[in-house]
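Chains A and B, in that order, are what the protein sequence lines are. Quick note: the first sequence uses this note's numbering, first residue 16, plus one each step. Quick note: the second sequence uses this note's numbering, first residue 2, plus one each step.
Accuracy of the hints is not assured; some may be wrong.
What the hints assert, rightly or not - Listed next, the in silico SDA-like pairs over lysine to any residue satisfying Cα-Cα at most 20 Å (straight line):
1) B:K109 to A:S54
2) B:K109 to B:I49
3) A:K24 to A:A102
4) A:K59 to B:G42
5) B:K94 to A:T74
6) A:K51 to B:Q46
7) B:K38 to B:S86
8) B:K112 to A:F57
To be verified - Examples of chain B residues lying across from chain A (beta carbon under 7 Å, computed):
9) K43
10) P45
11) G84
12) V88
The hints are simulated quantities; they were obtained by calculation from the structure and are not laboratory data. C-beta atoms are modelled at their ideal positions from N, C-alpha and C, and glycine is treated no differently.
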Amino acid sequence: DTAVSQTPKYLVTQMGNDKSIKCEQNLGHDTMYWYKQDSKKFLKIMFSYNNKELIINETVPNRFSPKSPDKAHLNLHINSLELGDSAVYFCASSRGTSEYNEQFFGPGTRLTVL
Amino acid sequence: GESVGLHLPTLSVQEGDNSIINCAYSNSASDYFIWYKQESGKGPQFIIDIRSNMDKRQGQRVTVLLNKTVKHLSLQIAATQPGDSAVYFCAEKSRYRWGGSEKLVFGKGMKLTVNP
Numbered sequence: 016d017t018a019v020s021q022t023p024k025y026l027v028t029q030m031g032n033d034k035s036i037k038c039e040q041n042l043g044h045d046t047m048y049w050y051k052q053d054s055k056k057f058l059k060i061m062f063s064y065n066n067k068e069l070i071i072n073e074t075v076p077n078r079f080s081p082k083s084p085d086k087a088h089l090n091l092h093i094n095s096l097e098l099g100d101s102a103v104y105f106c107a108s109s110r111g112t113s114e115y116n117e118q119f120f121g122p123g124t125r126l127t128v129l
Numbered sequence: 002g003e004s005v006g007l008h009l010p011t012l013s014v015q016e017g018d019n020s021i022i023n024c025a026y027s028n029s030a031s032d033y034f035i036w037y038k039q040e041s042g043k044g045p046q047f048i049i050d051i052r053s054n055m056d057k058r059q060g061q062r063v064t065v066l067l068n069k070t071v072k073h074l075s076l077q078i079a080a081t082q083p084g085d086s087a088v089y090f091c092a093e094k095s096r097y098r099w100g101g102s103e104k105l106v107f108g109k110g111m112k113l114t115v116n117p
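Just chain B, same shape as in the assembly (with noise of 0.2 Å):
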């Protein structure tokens, strides 16, 4: 079956830091990959995307790393600030059953504590 997780639950840092959030993904077949934002009271926010023919993309202080070989997404973000504090997910575009449309399948989400 389709499953997209992540390794860590939650993870603290220091305001100015670098984070990292890795996912591990299971379908070798997926290749699109997006990782959204959760603020507390909303809804996901896309933050970056990847296609499974780049093996990097950077983006405004945020940096996604896929390796297809181990089936692994990573997310960085440079000089973490207080705002950054967020449920972040992985997620893949999986088709849906018989083909046609795609469908979003999330991972696991992974709590964000950025300290002051």
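Pulled out of the complex, with its shape left as it was, chain A reads as follows (with noise of 0.2 Å):
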């Protein structure tokens, strides 16, 4: 019954590695989101998608690469991992991307680069 579901939910990996996080919501919303969370807890949007389109993508290195490959679905993949991509990584999604839509997030990816 998960609205929002993400996996793993901690993954933990060697500088320069590549890895993916995978999201998908089954509450028939148009539109997802990625957000980061560093260990102050500061939370920032990344990327949104409405309808397997890219709407925003907020000065995100290019080694995050988003990708959907259906409206239910948004994956995150990270070439070259470094350090300081060690963070918590929220998926969420909305009904679409006007201003009063409630985002629902997923419980998180804790991401360790070591």
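If you follow the hints, you should be able to join the two separate chains into one complex; please do so.
Structure (structure tokens):
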């Protein structure tokens, strides 16, 4: 019954590796997001997709590449991982892009780069 | 630039007390604000929202106050319970760059600890 799910929940990897995080929502929403939360709990948007189309790309290094195979899925691939990529990554979804659509967040993926 | 911030990084209260969490925002054009609650190990969860044409909105045990003159937002939690212990974020809806899509700009977060 999980509305927004992410896998894996924890990811520990070495610098320089490439990794992917997956997100799925079963709410029938059109819009999905990736957020990064740093060690100080600061939460910042990275990307947003609406109907599989990228609509927000917030000055994120191009080592990060989101992919939306369909409206229910938004994956995040990270190349050449760096220490500073260590954070909790949250996926979210909303009905649409308009102002008053509530965003529903997934449980997060804690990425640790060693 | 945009910024949404909180006055208090931590707040510790006794069970049954009322809690007030404050937030300042800098974008005077913002017209929609949201409070989120994030429990340990979980994603943020919507609590309550308010549009700029209102100055107060009430939910179940929570009230949000908006003062546009001083660009200040607050969340009041009545009869705080241990289950209210979490990190609370204020957020504003901001238009992305060249118009069109909206995005959430989050404040820094404040940890609320409720002591039994």
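Now for the hints, and whether the structure bears them out:
A threshold of 20 Å between alpha carbons decides the hint, and for K109 of chain B with S54 of chain A the separation of about 11 Å falls inside it, so the pair holds. Our distance criterion of 20 Å between C-alpha atoms is met by K109 of chain B and I49 of chain B, whose separation comes to about 18 Å. Using a Cα cut-off of 20 Å, the hinted pair K24 of chain A and A102 of chain A holds, with the two alpha carbons roughly 12 Å apart. Taking the CA atoms of K59 of chain A and G42 of chain B, the gap is near 17 Å; set against the 20 Å cutoff, the hint holds.
Of the supplied pair hints, the one linking K94 of chain B and T74 of chain A holds, its CA atoms being roughly 18 Å apart against a limit of 20 Å. In summary, the hint linking K51 of chain A to Q46 of chain B is supported, as the alpha carbons are separated by about 16 Å, within the 20 Å threshold. Our distance criterion of 20 Å between C-alpha atoms is met by K38 of chain B and S86 of chain B, whose separation comes to about 9 Å. Restraint check for K112 of chain B and F57 of chain A: the C-alpha separation of about 12 Å stays at or below 20 Å, so the hint holds.
Interface restraint check for K43 of chain B: the shortest CB-CB distance to chain A comes to about 6 Å, inside 7 Å, so the restraint holds. The closest approach between the C-beta of P45 of chain B and any C-beta of chain A is roughly 5 Å, which is under the 7 Å cut-off, so the hint is satisfied. Hint on G84 of chain B is violated. Least Cβ distance to chain A is approximately 18 Å, over the 7 Å limit. Taken as an interface hint, V88 of chain B checks out: its beta carbon lies about 6 Å from the nearest beta carbon of chain A, inside 7 Å.
Checked against the numbered hints given earlier, the structure breaks only hint 11 and satisfies all the rest.
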